[in-house]
Structures are given as C-alpha cells and as structure tokens.
Amino acid sequence: DAGVIQSPRHEVTEMGQEVTLRCKPISGHDYLFWYRQTMMRGLELLIYFNNNVPIDDSGMPEDRFSAKMPNASFSTLKIQPSEPRDSAVYFCASRNTAGGRKLFFGSGTQLSVL
Amino acid sequence: DQQVKQNSPSLSVQEGRISILNCDYTNSMFDYFLWYKKYPAEGPTFLISISSIKDKNEDGRFTVFLNKSAKHLSLHIVPSQPGDSAVYFCAASGSEKLVFGKGMKLTVNP
Numbered sequence: 001d002a003g004v005i006q007s008p009r010h011e012v013t014e015m016g017q018e019v020t021l022r023c024k025p026i027s028g029h030d031y032l033f034w035y036r037q038t039m040m041r042g043l044e045l046l047i048y049f050n051n052n053v054p055i056d057d058s059g060m061p062e063d064r065f066s067a068k069m070p071n072a073s074f075s076t077l078k079i080q081p082s083e084p085r086d087s088a089v090y091f092c093a094s095r096n097t098a099g100g101r102k103l104f105f106g107s108g109t110q111l112s113v114l
Numbered sequence: 001d002q003q004v005k006q007n008s009p010s011l012s013v014q015e016g017r018i019s020i021l022n023c024d025y026t027n028s029m030f031d032y033f034l035w036y037k038k039y040p041a042e043g044p045t046f047l048i049s050i051s052s053i054k055d056k057n058e059d060g061r062f063t064v065f066l067n068k069s070a071k072h073l074s075l076h077i078v079p080s081q082p083g084d085s086a087v088y089f090c091a092a093s094g095s096e097k098l099v100f101g102k103g104m105k106l107t108v109n110p
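In order, the protein sequences belong to chains A and B.
Counting in the working numbering, the first sequence runs from 1 upward without gaps.
Counting in the working numbering, the second sequence runs from 1 upward without gaps.
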C-alpha cells in the first residue's frame, strides 16, 4: 500500500514567490492534516480536513497561507507571498475514522525561502 | 502556550540499557496519547499509544506509562538498540486533532 505522498521533497524559492505544496493521502482515509515542523515550535498543526471540508484552520499563521482539498485524493498548501520565516518542513498526514486517532505521515517537504 | 511539553531536548544511552523519555501535558481534556519516532528526512511514524482509561501499554520493547493525576507520560525502551536512535515525539488528543511536543533526540551508543 502506498503511504501518504508529498511533493516536492525539497523546494527552494526566493522571498515573495508563490509556493505550492502537494499531498496525496492514503486511499480511503477521510481526514487530512497539514503540520509544520520548526526547531522553535516543533510540530504544529496548521489545518485539517474531514471529507474534503476544512474543519479547523486556526493554526494557519496568516492570510498568506491557504489550503484546499478539491477531492479525496489531493490537497494543496499554498504560501503567497513566501517569506524567509516560512522556511520549515511541512508534513501532510492522513487517517480514517475507523482507525482511531493514529496519523500516518508523508515524508515531508523541506521548504527554504531565501 | 505549549500544551504538550518534552522538556529534555536530548538523551544519550548505552546499547542494552533502558531509555526513558518523558512528556508532560496541561490540558485535562486530553484522553489519548501517542508516541511517534522520526528518522532524518522521513516523516514521523507511529510507535505506541495509550488511552486515558489505562495506565500502561506494552508492545515488545516499548512501554508507555500514563499518570493522569500528574499529567505525565513516559516511554520506556528496554533494551535500547542503536536503531532506536531518532527523534521521539509525544502527542496528545482530546478530539480529532493531535497536539505534539517539540520532540526529543535519542542517541543509543553501541
């Protein structure tokens, strides 16, 4: 079984540019989460979806961040415009209701904003 | 405010000895707790969990203990192996979300 798939693995961009991170959750999973990992804050939840609907976006740092889930097999996290302080590892995770609260994570996208 | 705290950033132990990783939480609504392990350049992977109705859960070399009155949980790894060297995250949940600590780096020396 394929796990959670994220792309790209690495992204280097310049300040002010738009960045789009992509995620394909595990088939059959009805929850999708976006987390960001930094040294200072650890793993922090940005937003999560249930059945493609955003449920809680209170962790999204500011309006420059947006996330969509147009269907059950795809989600994007967009940063526009990007800033150097957005540099971090961004993880996507998914789970299904029947499996309890255990999350399955992708390998992450290492974002560097210069 | 950090609801889940891993106060020690790192731990180094000898192969074969016990590793004890600690975690504290502040939210009394949390009722489910998990430990994840993370290798460099990989995503976190699930290790073990415990519900608040229990105070101990074992899975092979890994045991998680929960002390609800102290709002404290710990992960014991016995015996520790070099392959256990990784960053360990404690997580807690009271709803659909998981709240993670900052992580602790475990190094097991041969």
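Keep in mind that the hints are not guaranteed to be accurate.
[Claimed, not checked] Think about it this way: if two alpha-carbon atoms lie no more than 30 Å apart in a straight line, the pair counts; the simulated BS3-like pairs of lysine-lysine are:
no., chain 1, residue 1, chain 2, residue 2
1, B, K71, B, K54
2, B, K68, B, K97
3, B, K97, A, K24
4, B, K56, B, K71
5, B, K56, A, K68
6, B, K56, A, K78
7, A, K78, A, K68
8, B, K54, B, K97
9, B, K5, B, K56
10, A, K68, B, K68
11, B, K68, B, K105
12, A, K24, B, K54
13, A, K102, B, K5
14, A, K102, B, K54
15, B, K54, B, K68
16, B, K54, B, K105
17, A, K68, B, K105
18, B, K97, A, K102
19, B, K68, B, K5
20, A, K78, B, K97
21, A, K78, A, K24
22, A, K102, B, K56
23, B, K56, B, K105
24, A, K102, A, K68
Hints were generated in silico from the structure; no laboratory data involved.
Quick caveat, the model's predicted, so the values are computed rather than measured.
Each hint tested on the structure:
1. K71/B with K54/B: Since the Cα atoms of K71/B and K54/B sit roughly 13 Å apart, the hinted pair holds (cutoff 30 Å).
2. K68/B with K97/B: Distance ~19 Å between K68/B and K97/B Cα, so the pair holds.
3. K97/B with K24/A: Roughly 19 Å separates the two Cα atoms, so the pair holds.
4. K56/B with K71/B: Distance of about 14 Å is within 30 Å: holds.
5. K56/B with K68/A: 39 Å, violated
6. K56/B with K78/A: 41 Å, violated
7. K78/A with K68/A: 8 Å, holds
8. K54/B with K97/B: 20 Å, holds
9. K5/B with K56/B: Distance of about 20 Å is within 30 Å: holds.
10. K68/A with K68/B: 37 Å, violated
11. K68/B with K105/B: 25 Å, holds
12. K24/A with K54/B: 34 Å, violated
13. K102/A with K5/B: 19 Å, holds
14. K102/A with K54/B: 17 Å, holds
15. K54/B with K68/B: 9 Å, holds
16. K54/B with K105/B: At roughly 27 Å apart (the allowed maximum being 30 Å), K105/B and K54/B satisfy the hint.
17. K68/A with K105/B: 33 Å, violated
18. K97/B with K102/A: With Cα atoms ~10 Å apart, K97/B and K102/A stay inside 30 Å; holds.
19. K68/B with K5/B: Holds, at about 15 Å.
20. K78/A with K97/B: With a Cα-Cα distance of about 21 Å, the restraint between K78/A and K97/B holds, given a limit of 30 Å.
21. K78/A with K24/A: Holds. K78/A to K24/A sits at ~15 Å (cutoff 30 Å).
22. K102/A with K56/B: 18 Å, holds
23. K56/B with K105/B: Satisfied, since the Cα-Cα distance of roughly 23 Å is no more than 30 Å.
24. K102/A with K68/A: Cα-Cα ~22 Å, so holds.
Consistency note: the structure conflicts with the earlier hints numbered 5, 6, 10, 12, 17.
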